[in-house]
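Start from the sequences and build out the full structure, keeping to the hints where you can.
First to last, the sequence lines map onto chains G and U.
Following numbering that gives the first Met the number 0, the numbering of the first sequence begins with 0 at its first residue and continues without gaps.
Following numbering that gives the first Met the number 0, the numbering of the second sequence begins with 0 at its first residue and continues without gaps.
No wet-lab data here; the hints were simulated from the structure.
Just so you know, not all the hints are guaranteed correct.
Stated by the list, open to error - Heads up, simulated SDA-like pairs for lysine to any residue below, C-alpha to C-alpha not over 20 Å straight-line:
#1 U:Lys137 x G:Tyr73
#2 U:Lys70 x U:Asp8
#3 U:Lys134 x G:Ser77
#4 U:Lys70 x U:Asp52
#5 U:Lys134 x G:Asp71
#6 U:Lys134 x G:Glu78
#7 U:Lys137 x G:Phe42
#8 U:Lys137 x G:Lys86
#9 U:Lys134 x G:Arg70
#10 U:Lys137 x G:Ile82
#11 U:Lys137 x U:Val126
#12 U:Lys134 x G:Lys86
#13 G:Lys86 x G:Phe42
#14 U:Lys134 x U:Asn48
#15 U:Lys137 x G:Gly79
#16 U:Lys121 x G:Tyr73
#17 G:Lys86 x U:Lys70
#18 U:Lys70 x U:Thr6
To be verified - Here are some chain G residues the structure puts well away from chain U; computed CB gaps all over 10 Å:
#19 His47
#20 Leu57
#21 Asn68
#22 Val72
#23 Val80
#24 Arg111
#25 His112
#26 Thr114
Ideal placement from N, C-alpha and C gives every residue a C-beta, glycine not left out.
Residue strings, one per chain:
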Amino acid sequence: MPKKPPRARPSPPNDPAGLRARPITFQLWEKLMSSEWPLWEVFIRGQHGLNHRHVGSLHAPDAEMAIRNARDVYTRRSEGVSIWVVKSNDVTASSPSDKGPLFDPSNSKVYRHPTFFDIPEEVGHM
Amino acid sequence: MGAAVETVDRTAFVEWLERVGDSALILGHRVSEWCGHSPVLEEDIALANQALDLIGQCSLWLEYAAEVEGKGQTADHLAYRRDASAFRNPLLLERPNGDFGHTLMRQFLFDAFHIKLLRALKDSADVRVAEIAAKAEKEVAYHLERSADLVVRLGDGTATSHARMAAALKALWPYTGELFADDAVDRAMAEAGIAPLPSSLRAAWEATVKLVLAEATLAMPGEVWQHGVGRTGGGKQGVHSEHLGYILAEMQFLQRAYPDATW
Chain G
0 MPKKPPRARP SPPNDPAGLR ARPITFQLWE KLMSSEWPLW EVFIRGQHGL
50 NHRHVGSLHA PDAEMAIRNA RDVYTRRSEG VSIWVVKSND VTASSPSDKG
100 PLFDPSNSKV YRHPTFFDIP EEVGHM
Chain U
0 MGAAVETVDR TAFVEWLERV GDSALILGHR VSEWCGHSPV LEEDIALANQ
50 ALDLIGQCSL WLEYAAEVEG KGQTADHLAY RRDASAFRNP LLLERPNGDF
100 GHTLMRQFLF DAFHIKLLRA LKDSADVRVA EIAAKAEKEV AYHLERSADL
150 VVRLGDGTAT SHARMAAALK ALWPYTGELF ADDAVDRAMA EAGIAPLPSS
200 LRAAWEATVK LVLAEATLAM PGEVWQHGVG RTGGGKQGVH SEHLGYILAE
250 MQFLQRAYPD ATW
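Set out below in structure tokens:
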């Protein structure tokens, strides 16, 4: 005889989604996040004059909240003066299988590296 | 020490500083209870940040209270060695977290008051009060931006989220009146130019709340019976609900069990 499947625990009446009754496990969290909130890539500019740098990603329902979440998640130790967010889906990435054609040809072109110039002492470290 | 402290009744000043400090402490503790339990990681971190902001503000206020009191106590003594009846936070802030809607609504109702208070305190006759307020105001401006935004999103969200926010508003509204109830301590502070009368902040608070609730499609509750404003007073006079005892039992355990423990 096939085993009876375990009965699902009922949600309390004031908690239809059953969120509060269940402990938030990593799997549940992943499921919640991937089904509800898109992923955003976060870029922070550390100081005026520097570039924005990619610092990580987070989930948020829209751009405004992504900025707010980024403020709380990535600038707690005053790391930044400006935040950019962009939907991870909107990033077009090069394909790993194209690595050879894209990057290998430059290996044999040493003349592209500025190593054939004598730098005057006065210039210092470049 | 600030300029006004020499001329004002010290007992009243200490009492008032404890009201502001205990408000930050108790709300900060309540918010910290979400740490590790929030529905999403990002919210968890945001709430923990906010709790830390409030605990930081509390330590500035209580440190000053201990100095004005002049009995050799520190902010830690005030936070960890007083019993419930010596705490001076309004009842609203010791309300249980409930669901996320309750937590956010409590935060919003208080943030809207807190920002008006701190902005007024920046012009305090007491320099130290003005300095602490200026530092806290920047943090609280963000707290309000966040809580107001979430109240709007959830109020004007799904049927479930709307129902939860409406329930939270109904449950917490009867605790808002105490924020604006003036007593002898408040009048002494207003007279000395240290702090505004709480009642004078009401109109501006109502304007903010009305605007946000309208956007959140939640109805203003209007006149209802209010806790803590009657003859016996409320949290501001040390008359607390049973919830504060549980907060202190957890918050003070270490210092009560191992007095002066450090790490």
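Hints violated by the structure (listed by number, smallest first): As far as the earlier hints go, 4, 7, 8, 12, 16, 17, 20, 21 and 22 are violated by this structure, in ascending order.
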